[in-house]
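**Student:** Heads up: the protein sequence lines correspond to chains A and B, in order.
Residue numbering for the first sequence follows the numbering used here, starting at 1 and increasing by one per position.
Residue numbering for the second sequence follows the numbering used here, starting at 1001 and increasing by one per position.
Don't read these hints as lab results, they were simulated from the structure.
Predicted, not measured: the structure shown is a model, and the values here were computed from it.
Don't take each hint at face value.
[Unchecked claim] The calculated lysine-lysine pairs, modelled on DSS-like cross-linking and capped at a C-alpha distance of 30 Å, are:
1. A:Lys148 <-> A:Lys543
2. A:Lys148 <-> B:Lys1037
3. A:Lys543 <-> B:Lys1047
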Amino acid sequence: MTWPRRWSIPLLWLLAALLCGAIVLKTPVVADLTLFVPRDDPVAELLLEQLRSGPTTRLILIGLAGGSESDRAVASRALADRLRADHRFSRVANGDDTLPETELRTLFAQRYLLSPTVDPQRFSVDALRTALQQRLRELQSPLSVVQKRWLPADPTGEMLTLLRIWQGGLRAPAKRLGVWFAPNGDRALLLAETRASGYDLAAQRQVVTAIRAAFAAASAGTPIRLEMSGPGVLATLAEDTVRSEAEWLSVLAGLAMISILLLVYRSVRTVWLGALPMLAALLAGAATVGLLFGQLYALTFAFSMTVLGETLDYPSYLFSHRRAGETVTATLIQLWPTMRLCAATTLLGCLAMVTPAMPGLSQLGLFTMAGIVAAVATTRWLLPALTPADWRPPRPIGSGAWMDTLLIPRPRLALTIGGGALLILLMLALTAPPLWEDDIAALSPIPRPLLQLDQQLRADLGAPEVGQLIAITAPDAETALQRSETLARWLDARQAEGLLDGYDAAARYLPSQARQHQRQAQLPDPARLAENLQTAMAELPFKPDLFAPFLAAVAAARNAAPVQPDDWRGTLLGARIGLLLSPSAHGWTALLPLSGVRDPQALAAALPAADGSAIYLDLRAETSRLAADFRATALQRFAVGAALIVAVVWWGLRAWRAVAAALTPAVIALIFTVALLLGLGERLSLFHLVALLLVLGIGVDYGLFFSRPVADPLLRRHTLHALLVCCGSALTVFAMLSVSALPALHAIGLTVSLGVAASFIAALAAARPMIETMS
Amino acid sequence: MNRGLWWLLWWLLCWPLAAGAADDTLTTVMQRLAEVKTVEAHFQEEKTLAMLQQPLHSSGELYYRAPAYLRKRTLQPQPEDYTVDGDWLTVEMADGGRRDLALSGHPQIQPFVEAMRATQAGDRATLERFYQVDCAGDAAHWQLRLTPRDPMATRYLTAIVIQGRHGWIDRIETLEADGDRSLMTVTPR
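Let's have the full structure, built from the sequences with the hints guiding it.
**Tutor:** Right, here's the structure in full:
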């Protein structure tokens, strides 16, 4: 080999690696769970919008724990004041959310258009007298001091109605010292709504930092702890956790693999040679995903660990098969058909995951495919360029005559294992244990303790869970409000029947213009109102001209322009409306979050929506349904992948006997793995499925190697040695992953480590006997 | 030296003494009030409001049990019942309506409750948390002027003036910021 030729491959590799590295550095890592939601479902689209930017995703739940009760209350007020001054929050509530004076005045000025208690009877003599008597009683009460300011202009108490609506909404937590507290009093509670979507991670990161800073200032000198949750917070924390956990696990896994290589081959060179395909796989995988998607999903990042484990196999095959008197290239050429086939099967298995409808799964597939190609190519062409032609690991440990006993074909054992697998399959079919994990939380990269804190804070706050809601779509805001009003009347009736505890709606705060016009028309003309009032006031001790402001206000309201959503822009009132009524892709969407729904299905079925403009969304059921749909599609893809694997193995071996010998162990291993997983109480999620596809790939690899038609017993020993190393390193790495706190890593780790062990045993026991008894 | 200057000097000399005496009186009054374990009384209340042509009159009964139970039961002109026990205020209206609320959750109500309850309990610490307390007279005939400390409260309350003899409260006058006032006279039952 001439010098330039010898170094051209490493140079090329280095250039490619640097290019990939540059792309990876520019690729942002995101934790958007919605990437895993299918894209072609109309309800899903609405749901997606909710998951991405709906009001509930903008909530940040804050708990202040520790210190004394008054410390916590003081800190709650101080924190709320600071956050309210921050434009990144559209609303900050801590129980002390009295409207600012200016907004109280706005509300007061618009009371005759907004108050639901305004109707034709409201200003009759009788009703006025009843109202005045009621006001008189209130004046007598010791609590009148605060209320009487509105009296002269509002004797019928419309402002009181409006304030009650404003402070109502969904269930509010108990108060202590004027602010919200958890029922047992050990933490003060706040609720912040961000302007940015919960999945705008960059913005959420800023928001979280802002809250931390505000808290540090608000709680200085007290031992109070800050607790935070909510979709945005969880997403940022999840990103951090995935990153750090993937990092330390990859360091640990790397160390383990280095130790294995050192221990087995007793050569430092094997370590860095073995690391090159892995490095190539990581860089190529991340760069490909970065180029095609523009972002790397946090879970793909975590998933890269699996590729890491698999790519060590290729250099191991090479190291273990090195023999004296044969060049490195010669060994590789001899291994190449099998190695190529191994790579091709895994590749095709992953190709099945690539589909535009599911960007998340596609990322996983593409990452693995690019990684495998890079690792195989590195092993095939870079490694021989970097080693002397006759190099081989000095003293491979473990290889010896004892292997021959292991390699003796044992047809009975093979039959027993095969029979056992069939029995298990039969049992699974008969008992039909709960197989699938339909809770989308299982897809979540969020560690359990954080989810528990989230649930705790949610329960304490009575915050609207991402649960039941009705979505109304309409061409414009006015129609959306009118439809909300119709639906609200229906919901009021259901609430009276006890079918739900309450609901919220934009129309509660801001009636449609039609409704406002209707109210205006019902307001009496000034002369008649004055006359009615005169009569009603007789014998009551109010001063004669006390209610002049009232008469003027009603007269003004008769000709006032109706209040529109835009009129409240930039105010607290507007912020609350904005969350419940917002422009969407097809016009306007009004949301009615429900609380305490007894029977979601019954309520959804009874929903009067002849025109299909109102959709009942049971987010939990809906996400579960989506997870199930998703899983069904993934399963389909899995089947396609398996078929492709069979096809490519046949294409490579061109003999049904050999194909059966290579594939049967893999199938047996899959059955055992699933049975073991179910036996351990796992339910299969997306990650288990993806990991099973990998197990299938690995199982086929083992089957292919064990069933290679090799006459030389020494070469068979080499193969067994290579596979022992592969199996050992994969077991070490994936067993590490299986103890991870992240559900995804745990699922992948457990499945692959069980699968690798099962594959190895099945391949060793069944592949050789099959090929030999059949020939 | 002229007469005026003499007076000034005299006053300057006596002022600390006088202040000390007022403080002593307050301590004594508080002690006397604290010794009372239960009170049952009639009350008459007269509210003078700018909005009304004539004052509002009401009457009823007061009950107190040391240290934290206070009930104002209005009988005329319509029955109404306010009971404070610890942190809980229960309001029962003539129409049967009932509301329970925690005082600590309603900072605008608590000063009104404590003006009466903490005074009768002789709980000076609580009283001084909400009010600046000025004491005049002596233990046999005293007057406490309570000026709210919280700026929010001063927006609608100027002062509450309480007069009494030994451990008994005779009258409570509430002066609101807008000039409205109410006078409650308490007589033994």
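**Student:** Identify every previously stated hint that the structure contradicts and give their numbers, smallest first.
**Tutor:** Failing hint: just 2.
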